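Which chain is which? The protein sequence lines are A and B, in order.
Using full-length UniProt numbering, read the first sequence as starting at 1 and increasing by one per residue.
Using full-length UniProt numbering, read the second sequence as starting at 1 and increasing by one per residue.
The hints are simulated quantities; they were obtained by calculation from the structure and are not laboratory data.
Note that the coordinates shown come from a computational prediction; the quantities given were computed from them, not determined experimentally.
Take the hints with a grain of salt, since some may be wrong.
Below, computed lysine-lysine pairings styled on DSS-like, alpha-carbon distance capped at 27 Å [as the list claims (entries may be wrong)]:
id: 1; chain 1: A; residue 1: K68; chain 2: A; residue 2: K38
id: 2; chain 1: A; residue 1: K170; chain 2: B; residue 2: K144
id: 3; chain 1: A; residue 1: K403; chain 2: B; residue 2: K144
id: 4; chain 1: A; residue 1: K316; chain 2: A; residue 2: K58
id: 5; chain 1: A; residue 1: K255; chain 2: B; residue 2: K144
A few chain A positions that, by computed beta-carbon distances, are all more than 12 Å from chain B [as the list claims (entries may be wrong)]:
id: 6; residue: P53
id: 7; residue: V55
id: 8; residue: T108
id: 9; residue: D126
id: 10; residue: A149
id: 11; residue: T154
id: 12; residue: E202
id: 13; residue: P217
id: 14; residue: K255
id: 15; residue: F264
id: 16; residue: Q283
id: 17; residue: I357
id: 18; residue: D369
id: 19; residue: A372
id: 20; residue: R396
id: 21; residue: R407
The beta-carbon is built from N, C-alpha and C at its ideal position, and this holds for glycine as well.
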Amino acid sequence: MTLFKSLRLLALSATLLSTAAFAGEITINSDHSDPVPKKAMEELIADFQKANPDVTVKWNNFDHEGYKSAIRNFLTADAPDVVAWYAGNRMAPFVKAGLFEDVTDVWTANGLDEQLKSSAPSMTIDGKKWGMPYTYYQWGIYYRKDIFAEQGITPPKTWAELLAASEKLKAAGVTPFTIGTKALWPTAGWFDYLDLRVNGYEFHMDLTAGKIPYTDPRVKTVFEKWGELVKADYFIANHAAIDWQDAVPQLVQGKAAMYLMGNFAVATFKDGGLKEEQIGFLQFPEITPGIPVAEEAPTDTFHIPSGAKNKEDAKKFLAYLASPAVQAKMNATLGQLPVNNTTQKPKDVFLDAGFTILSNAHGLAQFYDRDAQAEMAKAGMEGFQEFMVKPDNLDRILERLEKIRARVYK
Amino acid sequence: MSNTVSPSSSFWKKNQQKLAPWLFLAPGILMFVIYVLVPIVQSIWISFHDWDGLGEKVWIGLGNYVELLDDDTFYVALKNNLIWLVLYLLSIPAGLAVALFLNQTVTGIRLYKSLFFFPFVISQVVVGLMFTWFYAPDFGLFSKLMEWVTGEQIAVLADERYVTYGIIVAGLWPQTAYCMILYLTGLNTINPEQVEAARMDGAKGFRLLWNIILPQLGPATFIAMVVTVIGSLRSFDLVSVMTAGGPYGSSQVLSYFMYEQALSEYGFRMGYGAAIAVVLFLIMMVFISLFIVRMLRQERSA
């Protein structure tokens, strides 16, 4: 492609003209544009420079959405030394295109295979490690403790108990679940958990890797379970018109009692006026008895582009990032969980609950839109949304998804 | 002695008449080639490949087009584009009506005119956001109104039956303003003597408008038609801001479909996106050629 050729030429001439590429300097590109991640990043860089006075860090902070397309340009044109990205299939295209550097040596040299064990599978492609995980967070059902107490409901542990609790709430005029599906991805949280609980981690990973057809009866069972909630109107109406934040007021005002979400939502609940003692967290209930319990834990990572100029210091940075003390400090700021299992337990109630659940998990899914290929993810989540609005279209939806799966994973 | 003039300068002298226009055109032609023609050819070229924008391009011939013909989303987008095309034309009579209404001399008419023109000045993204809130369930003005009238809320942007119409209404708001301004300038050039003569002959009201005013507004109507048709086919901003093609792809249009496949987070199928772009280009070419033919014919007869 001539465009990229000329871009590369441009980049080349830029590096020839500038003096940016001398040893002892690393450039980091990342999308820590929100206030809290930005602060965590600033601290990380300052601490790293204190520990390594001979290395200067240059940090380009990108806007979150723009980063997703920008990374494709700068990886091919003018690669920095370290880039932020995500684990699982999200990094696969860059690994396959030879744009990420193999960092297996950093893992083995620092004993990370053991310390970062929970994330090792999602960082491995073709038996090699391609990046460094530094944070993740748990998903689960957040519920209104006070409403549950009022209705005499104990936190459900099984599917039957969840249905019974929902029925009770509905009868009391409270919608059991709030959700906003305009941005599609909140629907995937439901699909992932139902599949993990109905068919288990291995099946879910095979499905998202495109090895199992969507018309498989086991996939249909997942939707049947989901349908038990959808057809009974246990989700708020008009969820397709709103974003996940817009669904929060329903929970805050007590119109809905539960919300399947990532831990980042707790801050929004509190901003909305809920007190910590009003919010409860429960692990997604068991459906098929005896299936090893897996969880959803999207992981954020750093990688070294293969076109990096200072790979030596970049690897130093990744090793630093993996150490327990650094991960503990960074995640205390982020309000998320450190991946390194030798760090101390976090103090926050919800993080503490998440830490226990995740460290005992049989496996960690990265979320549907990171585990499945991008195109499949988009079509899949559209299908989930359609199912949540029109559950009777199920067969048509599954046929459509199967057609797309057959094409995407040929 | 007389033949000492250098050959190049004599060549210039001989052909000056022929060369000069090309020299003057050169900057424009250069721009046109670089920014219009070359990208068109490149797009068509890419549309024959399977390419993710990073790796090697793989030639698959008409593969993308075959797939497109088998893609449900493509037909949804095509149908929605047709609805856009037809309903968007409503902005022309609406613009004319507003222009006729504003074409009078009262105090402060300039202010009213600018107020009516306002929606065209603000960005499409802002229009989209405003209408999203307008339609929003629970707190949107429209939802409240519907609840008051029918006792039931309609979440326009979450309902596949209404969503496209909801977006088109948002699009008509600025487009009407645009057509209005075209007609307002057109009305300024109307020959007052003809109007007076018609009035003496007893024409008034609708007949005056139809037989005397409208024919004189021909050029304005033509331009309004061109911009509206093209505008409806490239409806992108509003779809992107208001629904992102949802719910479950039911408000998809070709331009957004192309963007989603080629450039969005879940896409990067450059070849497929390019194929959609080529189809959209061909559809636009039909209208553009019609307009150009008409324009040429007018110029010749003039």
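Contradicted hints - numbers only: 3, 14, 18, 19, 20 and 21
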